[in-house]
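Quick note, the sequences are listed as chains A and B, same order.
The opening residue of the first sequence carries number 3 in our numbering; numbering runs sequentially from there.
The opening residue of the second sequence carries number 2 in our numbering; numbering runs sequentially from there.
Derived from the structure by calculation, the hints contain no laboratory data.
Bear in mind that the values here come from a model prediction, so they are computed numbers and not experimental data.
Treat the hints with care, since some could be wrong.
[As the list claims (entries may be wrong)] Derived DEER-like restraints, expressed as beta-carbon distance ranges: (1) TYR87/B x ALA147/A: 21 to 31 angstroms; (2) GLU44/A x VAL89/B: 40 to 50 angstroms; (3) ASP70/B x GLN358/A: 22 to 32 angstroms; (4) GLY332/A x PRO16/B: 33 to 43 angstroms; (5) VAL89/B x ALA214/A: 32 to 42 angstroms; (6) ALA13/B x ASN10/A: 49 to 59 angstroms.
[To be verified] Result set (BS3-like, lysine-lysine): computed pairs, CA atoms no more than 27 angstroms apart in a straight line: (7) LYS26/B x LYS231/B; (8) LYS66/B x LYS130/B; (9) LYS378/A x LYS338/A; (10) LYS187/B x LYS378/A; (11) LYS140/B x LYS325/A; (12) LYS101/B x LYS378/A; (13) LYS231/B x LYS378/A; (14) LYS300/A x LYS349/A; (15) LYS140/B x LYS378/A.
[Unchecked claim] On the chain A side, residues computed to face chain B include the following (Cβ under 10 angstroms): (16) TRP56; (17) SER60; (18) GLU105; (19) VAL107; (20) GLU117; (21) LEU119; (22) ALA361; (23) LEU367; (24) ILE372; (25) ALA377; (26) GLY384; (27) VAL386; (28) MET391; (29) LEU393.
C-beta: ideal position from N, C-alpha, C; glycine also.
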Amino acid sequence: MSGDTALNLPEDLKTRALHNARQATPVEALAPLRQDALAALEGAAFPGRKTEAWKYTSLYALTDGHLTARAEGAAPADLPTLSDYRLVIVNGRLDEDRTALPEGVSLGRAARRLEGLTTPFAFYNGAALDDAVTLEVAANTDVAAPIQVLHVAAGDAPSHCNVRLEVNLGTGSRLTLIEQYLARGPVLTNAVTAIQAADNAHLTHYRLQADAGDSLHIGTLLFQQTGVSRIDSYQLMAGSRLRRNDVRAFLDKSGAELNMQGVFVARDRSHIDNQLCVEHRVPDCTSNQVYRGLAGEKGRAVLNGRIHIHPGAKGTLAELSNKNLLLNAGAEIDTKPELEIYNDDVKCAHGATVGQLDALQQFYLQSRGIDAAEAKRMLSLGFVNELIMGLPDQAVADWAQPWLAAELGGRPGADEEAA
Amino acid sequence: MLEIRDLHASVAGQPILKGLNLTVKPGEVHAIMGPNGSGKSTLANVLAGRDNYEITGGEALFDGKSLADLEPEERAQLGLFLAFQYPVEIPGVSNMEFLKAALEATRAAQGKEEWDSVTLLRKAREACKQVDLDPQFLKRGVNEGFSGGEKKRNEIMQMLLMEPKLALLDETDSGLDIDALQTVAKGVNSLRGPERGIVLVTHYQRLLDYIVPDFVHVLSGGKIIKSGGKELALELEQHGYGWLTGGQNGDNGKEDQTA
Ligand SMILES: Nc1ncnc2c1ncn2[C@@H]1O[C@H](COP(=O)(O)OP(=O)(O)OP(=O)(O)O)[C@@H](O)[C@H]1O
Ligand SMILES: [Mg+2]
Numbered sequence: 003m004s005g006d007t008a009l010n011l012p013e014d015l016k017t018r019a020l021h022n023a024r025q026a027t028p029v030e031a032l033a034p035l036r037q038d039a040l041a042a043l044e045g046a047a048f049p050g051r052k053t054e055a056w057k058y059t060s061l062y063a064l065t066d067g068h069l070t071a072r073a074e075g076a077a078p079a080d081l082p083t084l085s086d087y088r089l090v091i092v093n094g095r096l097d098e099d100r101t102a103l104p105e106g107v108s109l110g111r112a113a114r115r116l117e118g119l120t121t122p123f124a125f126y127n128g129a130a131l132d133d134a135v136t137l138e139v140a141a142n143t144d145v146a147a148p149i150q151v152l153h154v155a156a157g158d159a160p161s162h163c164n165v166r167l168e169v170n171l172g173t174g175s176r177l178t179l180i181e182q183y184l185a186r187g188p189v190l191t192n193a194v195t196a197i198q199a200a201d202n203a204h205l206t207h208y209r210l211q212a213d214a215g216d217s218l219h220i221g222t223l224l225f226q227q228t229g230v231s232r233i234d235s236y237q238l239m240a241g242s243r244l245r246r247n248d249v250r251a252f253l254d255k256s257g258a259e260l261n262m263q264g265v266f267v268a269r270d271r272s273h274i275d276n277q278l279c280v281e282h283r284v285p286d287c288t289s290n291q292v293y294r295g296l297a298g299e300k301g302r303a304v305l306n307g308r309i310h311i312h313p314g315a316k317g318t319l320a321e322l323s324n325k326n327l328l329l330n331a332g333a334e335i336d337t338k339p340e341l342e343i344y345n346d347d348v349k350c351a352h353g354a355t356v357g358q359l360d361a362l363q364q365f366y367l368q369s370r371g372i373d374a375a376e377a378k379r380m381l382s383l384g385f386v387n388e389l390i391m392g393l394p395d396q397a398v399a400d401w402a403q404p405w406l407a408a409e410l411g412g413r414p415g416a417d418e419e420a421a
Numbered sequence: 002m003l004e005i006r007d008l009h010a011s012v013a014g015q016p017i018l019k020g021l022n023l024t025v026k027p028g029e030v031h032a033i034m035g036p037n038g039s040g041k042s043t044l045a046n047v048l049a050g051r052d053n054y055e056i057t058g059g060e061a062l063f064d065g066k067s068l069a070d071l072e073p074e075e076r077a078q079l080g081l082f083l084a085f086q087y088p089v090e091i092p093g094v095s096n097m098e099f100l101k102a103a104l105e106a107t108r109a110a111q112g113k114e115e116w117d118s119v120t121l122l123r124k125a126r127e128a129c130k131q132v133d134l135d136p137q138f139l140k141r142g143v144n145e146g147f148s149g150g151e152k153k154r155n156e157i158m159q160m161l162l163m164e165p166k167l168a169l170l171d172e173t174d175s176g177l178d179i180d181a182l183q184t185v186a187k188g189v190n191s192l193r194g195p196e197r198g199i200v201l202v203t204h205y206q207r208l209l210d211y212i213v214p215d216f217v218h219v220l221s222g223g224k225i226i227k228s229g230g231k232e233l234a235l236e237l238e239q240h241g242y243g244w245l246t247g248g249q250n251g252d253n254g255k256e257d258q259t260a
């Protein structure tokens with residue numbers, strides 16, 4: 003690729019995105035969103051080298067032409083089953099035959115959410131959707147078992163898909179939602195998940211990202227707590243050729259509570275960029291974020307944790323902790339808490355560290371006959387174990403343990419042991 | 002089984018051991034005493050292979066193999082065990098998981114039969130009982146939040162399971178209450194046998210009432226300056242080290258500052 007191409011990349015991407023959006027086959031249920039999103043896309047600029055929020059993440063990989071083709075591969079036959087209730091979305095389209103939903107949850111296909119989304123990729127997602135999934139949880143429904151949403155992306159050549167999930171939790175409802183991303187091949191998943199919670203709603207949310215290493219992911223996860231609600235979100239993420247996760251949360255009713263916990267791992271040459279933004283817009287809300295990151299070999303991980311406490315948001319409690327472990331000198335982790343506090347009556351704590359494996363701990367393990375590689379693996383696992391042990395759903399924990407063991411350079415047979 | 006000849010070693014570039022000689026034969030129990038800072042833990046760490054503890058002269062042979070050529074895990078797999086003066090806390094790694102990995106690695110290397118998880122758990126519980134440690138400690142992070150005495154008992158518990166050929170116990174008695182001292186001594190004695198060597202580093206004669214040594218050595222200024230039988234420990238208890246070190250007390254035999 004010539005330097006010129008890279009230089010023009012933001013323009014090229016925009017041209018391509020607009021072209022795709024205008025050419026897309028009309029879908030009646032999505033027409034209003036597509037129209038508004040297209041207008042937003044027209045006014046947006048794709049990030050370039052000087053865009054602050056993209057400082058650590060280059061879109062250069064997209065010069066392979068992911069935006070020029072739609073992903074058309076088939077879903078693998080054996081998909082992980084973490085619950086009896088599930089939705090399978092393949093390359094952005096719902097596989098209706100494999101849908102099983104519990105009572106009290108209704109399925110729709112007309113996505114609407116635009117407010118709260120900010121990135122050109124999210125606009126493009128809305129403007130070029132050819133399918134979407136919306137879930138309405140009826141008021142006062144305690145959904146019996148988790149709903150697993152499998153976002154499958156598959157393709158043999160550079161291509162992309164737009165994936166959209168919107169969930170509305172009615173007053174007094176409870177839901178466990180497991181979002182699992184599975185990409186195979188050089189496919190860019192351009193994802194938007196938007197979740198709204200009304201009064202007394204309680205959501206337990208998982209975002210599991212175990213895509214193949216050559217896949218790409220750019221996504222926004224949006225939480226809108228319009229009611230006095232509680233959201234507990236657990237995010238387990240492996241780096242890949244390119245992974246960019248924007249998380250935006252709006253605490254919009256006094257008494258709302260948001261807890262986010264995440265583990266991200268970047269091994270080999272993989273990349274993961276987490277951009278977190280929590281908006282406290284009204285008084286007396288609580289947010290608590292705990293993220294642990296690991297990077298090894300030439301892996302690269304980024305976390306930017308913005309907490310924005312608006313002038314009226316008195317009595318806010320906001321915490322963010324991000325501890326990171328560098329497994330070797332070639333890896334890199336950049337972490338930055340970013341606090342914007344516009345009133346005095348808040349309790350806000352944040353901490354971000356990047357450390358290395360403890361040599362004495364490693365010696366202690368080795369002095370007991372454990373070889374250096376295994377000692378490293380055990381210590382890395384120990385570093386994130388607390389979060390994994392705290393996962394409230396056993397099915398997810400059972401999935402997470404072998405996944406993590408493998409990510410951290412698992413011993414052969416580690417999967418069976420954990421099973 | 003352990004043959005140390007004219008050993009010189011430095012820690013982080015600083016010479017600490019300065020010509021140390023020691024021979025341990027199978028079945029023997031040796032006690033090493035000596036002032037603070039004289040190099041006792043350095044010796045233990047050098048033998049176990051800790052980073053930055055570098056052999057700069059002489060040699061240390063374990064069953065005829067030069068320890069300097071071996072990784073710490075290889076030494077352990079050959080049957081060397083160090084009970085740390087300051088056992089290390091490893092939050093997030095459970096004691097049980099740790100034992101499993103340690104025993105898998107060492108037993109396989111030593112050609113011993115593998116223990117399945119049921120056997121392992123049973124053995125671990127027995128070992129806990131032997132040192133009066135609640136089996137609940139198996140579930141906790143390695144040494145995480147353990148009291149000083151609990152850490153020491155955890156070391157001995159590991160030793161009982163690993164059945165090393167040569168055990169180096171670095172001040173395992175410090176921090177133990179009187180009852181625990183007896184319990185731990187019993188544990189160590191249970192391991193005593195014609196095939197095994199034990200080296201005890203201690204400051205107190207009391208431990209040697211329970212684990213009676215065949216030899217007692219005084220380490221000072223990075224060297225063994227006196228060796229004797231168990232009665233030497235009694236002498237030291239009464240007279241201190243002054244009569245041996247010529248007035249110097251510990252300080253690694255540094256030159257006279259006024260000279
Ligand atoms: N990393 C280091 N850098 C410099 N000097 C060190 C380092 N580690 C140990 N030493 C020094 O080496 C000397 C010997 O220490 P060592 O721990 O072996 O003594 P010890 O005989 O075990 O003492 P104690 O009875 O107090 O346990 C001490 O003077 C100590 O300060
Ligand atoms: Mg010492």
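Cross-check of the supplied hints:
1. For TYR87/B and ALA147/A, the hinted distance range of 21 to 31 angstroms is not satisfied, since their beta carbons lie about 49 angstroms from each other.
2. Range check, GLU44/A to VAL89/B: Cβ separation about 60 angstroms, and the 40 to 50 angstroms hint is violated.
3. For the hinted restraint 22 to 32 angstroms between ASP70/B and GLN358/A, the CB-CB distance of approximately 27 angstroms keeps it satisfied.
4. Between GLY332/A and PRO16/B the beta carbons are some 34 angstroms apart, a value that agrees with the proposed interval 33 to 43 angstroms.
5. In this structure, VAL89/B and ALA214/A meet the distance hint of 32 to 42 angstroms, their C-beta atoms being roughly 38 angstroms apart.
6. Remark: the range hint 49 to 59 angstroms for ALA13/B to ASN10/A is upheld by a beta-carbon distance near 54 angstroms.
7. Simply put, LYS26/B and LYS231/B have alpha-carbon atoms about 17 angstroms apart, close enough for the 27 angstroms limit, and the pair holds.
8. Taken as a hint, the LYS66/B and LYS130/B pair is broken in the structure, with Cα atoms around 35 angstroms apart against an allowance of 27 angstroms.
9. At roughly 26 angstroms between alpha-carbon atoms, LYS378/A and LYS338/A fall within 27 angstroms of each other, so this suggested pair holds.
10. For the proposed pair LYS187/B and LYS378/A, the alpha carbon gap of about 34 angstroms is over 27 angstroms, so the pair is violated.
11. Distance restraint check for LYS140/B and LYS325/A: the Cα-Cα separation of roughly 24 angstroms lies within the 27 angstroms cut-off, and the hinted pair is therefore satisfied.
12. Annotation: proposed proximity of LYS101/B to LYS378/A holds, straight-line Cα distance about 16 angstroms (limit 27 angstroms).
13. Distance check on the hinted pair: LYS231/B and LYS378/A sit about 42 angstroms apart at the alpha-carbon level, beyond 27 angstroms; violated.
14. Distance restraint check for LYS300/A and LYS349/A: the Cα-Cα separation of roughly 37 angstroms exceeds the 27 angstroms cut-off, and the hinted pair is therefore not satisfied.
15. Proposed proximity of LYS140/B and LYS378/A is supported: the alpha carbons are some 20 angstroms apart, at most 27 angstroms.
16. Against a cut-off of 10 angstroms between C-beta atoms, the interface hint on TRP56/A is violated, since the closest Cβ of chain B lies about 33 angstroms away.
17. For SER60/A, the interface hint is violated, since its Cβ never comes within 10 angstroms of a Cβ in chain B; the closest pair sits about 33 angstroms apart.
18. Among the interface hints, the one on GLU105/A is violated; its C-beta lies about 39 angstroms from the nearest C-beta in chain B, farther than the 10 angstroms criterion.
19. Using the Cβ-Cβ criterion of 10 angstroms, the hint placing VAL107/A at the interface with chain B is not satisfied: the shortest such distance is roughly 37 angstroms.
20. About 40 angstroms separates the beta-carbon of GLU117/A from the nearest beta-carbon of chain B, more than 10 angstroms, and the hint is not met.
21. For LEU119/A, the suggested interface contact is broken, since its CB lies about 37 angstroms from the closest CB of chain B, more than 10 angstroms.
22. Hint on ALA361/A holds. Least Cβ distance to chain B is approximately 6 angstroms, under the 10 angstroms limit.
23. A distance limit of 10 angstroms between C-beta atoms decides the matter here; for LEU367/A the minimum to chain B is near 7 angstroms, and the interface restraint holds.
24. Here the hint on ILE372/A is kept, as its CB sits about 5 angstroms from the closest CB of chain B, short of 10 angstroms.
25. Given hint, ALA377/A at the interface with chain B, holds; its Cβ is 8 angstroms from that chain's nearest Cβ, closer than 10 angstroms.
26. A distance limit of 10 angstroms between C-beta atoms decides the matter here; for GLY384/A the minimum to chain B is near 3 angstroms, and the interface restraint holds.
27. Hint on VAL386/A holds. Least Cβ distance to chain B is approximately 8 angstroms, under the 10 angstroms limit.
28. For MET391/A, the interface hint holds, since its Cβ comes within 10 angstroms of a Cβ in chain B; the closest pair sits about 9 angstroms apart.
29. Taking 10 angstroms as the C-beta cut-off, the interface hint given for LEU393/A is violated, the closest approach to chain B being about 15 angstroms.
In the structure shown, a violation is registered for the earlier hints numbered 1, 2, 8, 10, 13, 14, 16, 17, 18, 19, 20, 21, 29, in ascending order.
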